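There are 2 protein chains.
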Amino acid sequence: MASLWLLLGLLLSSSAEAGKLLVIPSDGSHWLGMKPIVEELGRRGNQVVVVIPEASLSMGPSEHTTTLTYPVNYTKAELKASIADEFNTILSIDISTDLTKNTEGLLFNKDLMKKLQEYNFDAILTDPFEPVGAIAGEYLSIPAVYMLINHPCGVDTLSSQCPAPASYVPQAFTHFTDRMNLWQRSVNLVRTLLQPMACERMFARADEIASHVLKRKASMVEIMSHAALWFLRFDFAVEFPRPVMPNMVMIGATVSQKPKPLSQGPLTKELEEFVNGSGEHGFVVFTLGSMVSQLPEAKARELFEAFRQIPQRVLWRHTGPVPENAPKNVKLMKWLPQNDLLGHPKVKAFITHGGSHGIYEGICNGVPMVMLPLFGDQGDNVQRLVSRGVAEALSIHDLTAEKLLVALRKVINDKSYKEKITELSAIHRDRPIEPLDLAVFWTEFVMRHKGAAHLRPAAHELNWIQYHSLDVIGFLLLILVTVIFVTVKSCMFCFRKCFKKTQKKKKE
Amino acid sequence: MASLWLLLGLLLSSSAEAGKLLVIPSDGSHWLGMKPIVEELGRRGNQVVVVIPEASLSMGPSEHTTTLTYPVNYTKAELKASIADEFNTILSIDISTDLTKNTEGLLFNKDLMKKLQEYNFDAILTDPFEPVGAIAGEYLSIPAVYMLINHPCGVDTLSSQCPAPASYVPQAFTHFTDRMNLWQRSVNLVRTLLQPMACERMFARADEIASHVLKRKASMVEIMSHAALWFLRFDFAVEFPRPVMPNMVMIGATVSQKPKPLSQGPLTKELEEFVNGSGEHGFVVFTLGSMVSQLPEAKARELFEAFRQIPQRVLWRHTGPVPENAPKNVKLMKWLPQNDLLGHPKVKAFITHGGSHGIYEGICNGVPMVMLPLFGDQGDNVQRLVSRGVAEALSIHDLTAEKLLVALRKVINDKSYKEKITELSAIHRDRPIEPLDLAVFWTEFVMRHKGAAHLRPAAHELNWIQYHSLDVIGFLLLILVTVIFVTVKSCMFCFRKCFKKTQKKKKE
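Top line first, the protein sequences correspond to chains A and B. Under the working numbering, the residue at position 255 of the first sequence is numbered 255, and the numbers go up by one with no gaps. Under the working numbering, the residue at position 75 of the second sequence is numbered 75, and the numbers go up by one with no gaps.
If you are wondering where the hints come from, they were derived from the structure by calculation, not from laboratory data. It should be emphasised that the depicted structure is a prediction, and the values quoted were computed from it without experimental measurement. Do not rely on the hints blindly, as some may be mistaken.
Same chains, same label: a pair holds when it works inside one copy or across any pair of copies.
Keeping only pairs whose Cα atoms sit at most 27 angstroms apart, straight-line, the calculated BS3-like set for lysine-lysine is [said to hold, decoys possible]:
| hint | residue 1 | residue 2 |
| --- | --- | --- |
| 1 | K328 | K346 |
| 2 | K258 | K114 |
| 3 | K420 | K20 |
| 4 | K450 | K415 |
Modelling step: build the complete structure from the supplied sequences, incorporating the hints.
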């Protein structure tokens, strides 16, 4: 109980000495994860300024904060168009340019940058997925808190000097688990060694902009190595256990809230009737995330065919054309209260693309999953759940009604899926402090103490050769060789002397 | 505020489903650090059974717990005698035998072991400094929570597979900081490489006993690699930042309590008069820990000489003979309320041996220190504080009045010591959850979930060659060599064919 009063005291006292925080978020689901933290920080009396581009997919004003926008040379429609219909090819977009699309918009906007400077912020909270925030923080010389799920080139491990042994820490996009065979470990080692080059390529344009803005040769990996803290939006209930650094704070699933009864949400009557009428067989929830609401018609037909053959009802977030003979157990909706549905006692399975938000909602509510990974980190997320025996994975590319049916029946009828996800759910929800409170505490900590220098490892002061002790190994080898050389020479010298004496004696 | 209610709910709910915990502590200051956690776990309704030898220095009954004792072949007087008067030589004692002095007492006690088995414990909390608890936990097949400050052979990093790059993570007893020169890094690398051998030697006797008890070839490093959790009793405000594993919980300074006004403690009048009468110059606290209360007479004379020359008053925990002309500003006492004195507004400096409890009390209260390391981890502790500019270190071996005087005047008169320790104190005390609550939560977590398997890295399933990817490097080299070989052979074959044709043509 003592801790409660201490926490209460902490809450009150820290609001008293509130700080000034700059927030530069990233778009899409990135913002959905950061928003609750930002709003809570504002609610607690901190002066929070959120800077976003005029055009974005999901970013907008948040409560208890000031929002500043800057003009960019693209529109929301263009952003949407670049994502719609091409979820299969998203990785082929020139990511180096794509990531910096808004960077010049803010950093070259002299008026806004001057305004930000005048704010005299105590810290910046930003998502390093897009480099704009990291460069702005470096330019303003304020301590930076980075928040991300995972990064395509693993900049978080590189910049934080976090060891990631290639033998059991799978690289992003490999879809490997932490138990790899010789071939997988070989691929993983090569990928690990190529990581710095991958980051260099990915940040090519950002490095140029950063060097220009900071008026020195700069790279994103180096800029991010100055991070005070890293908020990693994962939890070891999902992520494979691996080394972490003292300045990493695991805040997995900050957004997951308690599911509400459907009657308290929107779409009340329609949904309640459908769901409650599902009988003993229950229902299945099917969504493919905020970026994809429409599947190619051929794929959709296969899905309808599969759903026709199961006794469960299906709630599907779908905006595409509906075939004439769509099965009656399927209900299509433009939007679903996903978390509330997953918390409903009659839910039997969750068909998902494996985005981070979705899987944590699935885990929180203990619902077995059938996963259809589309792009980005989803393929890796799938592996994490499949390896724990709580999900089945299918490829969207060769999806057939038959395959979906087999997977769905498996996760619904084989009791082990439900048992394991219930266990995983219990572990995930059992924590000493809520992730949101942890994120809020540590952001305020950085503002209070002007950074977190005590958590910065001395590794940052070593170059690559020193870090890996290569100079030491050379030095020790040199000593060894010298000792051997001197010993051998001395022995030979003694031997010769003795030999000469013996010869002399013989001659005498 | 939501978190408060959640925490409250958690506190209440977890008391409802209380567990059964076996506690096998280690003696001396080790027990002092574990006792508050054990008592809190008992207070919260868990059935806590503490098993200790009949003879010990500091272990005894604790509140809200059941204490079981077992006979050992030594007495308390013998234990004391082995420590008194030989604090300089403590490391020369045969540590392998010394650490296992109580191991046979418990493990070969069939009645008690049978009794423990019948308890059907959910988990064991033990200090792996003495191997008895770890072996008992393995024998009983229950999840183990290990709690330690640091280990002479670094068994915590070895057994948890925690990376500790030799380039910036100083080994125990080297007295290095995290910034090492080439020579220091060389020594540190050699020490790191020798670590497994050091553990083997240190646990030689324990490994024998473990193999006997478990009826299989066992080693302490392997037994401890099964740990569910490691509670590390340090804080990165003191410890140099370095990689950690997900199953490590930093619970630095669990014992540090808020200092009480002296009037509320024992020795009220005597102390209060002395302390309050110290005027603007204030006073100095001087203790050498629970194991040493008496210094050799020659050393003591030097100290008296130094104290005679400072304007501060000195409170000294000392039981040795007092010289006739002892200075009047020195007060000798058999026991001191150390934490309460360090929390007094008039305290100016703390002369300490650098034991973990003492330094955390010094940091909590923000008191600059003069450090006289005696043995064990104290030399390393000293380096950590000296490198942060909050303490001066002296060697007890060549201590003179002059040297002590210089150091004391420095930490008292040079404002930077006070400023830096005040800052360090603020950082150390600013945390999202109290270490005691963290330790209690995670111990109960292990009891609730029968371990913490989700935090166990896959590294444990790899052998040394696999972990370091040496087989992968061999495999990749083999591929490379094969490719080069085939390419060269093919080129040579083509070249010869062409060459022959040309020759034929020429001949024709």
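With 27 angstroms as the alpha-carbon cut-off, assign the pair K420 and K20 to within, between, both or neither.
between (44 angstroms within a copy, 25 angstroms between copies)
Go through the copies and call it for K328 and K346: within, between, both or neither, with a Cα cutoff of 27 angstroms.
within (18 angstroms within a copy, 81 angstroms between copies)
Give the relationship of K450 and K415 under a CA distance limit of 27 angstroms: within one copy only, between copies only, both, or neither.
between (52 angstroms within a copy, 21 angstroms between copies)
Is it within a copy, between copies, both, or neither that the alpha carbon of K258 lies no farther than 27 angstroms from that of K114?
neither (42 angstroms within a copy, 46 angstroms between copies)
Hint violations for this structure: number 2 only, all remaining hints satisfied.
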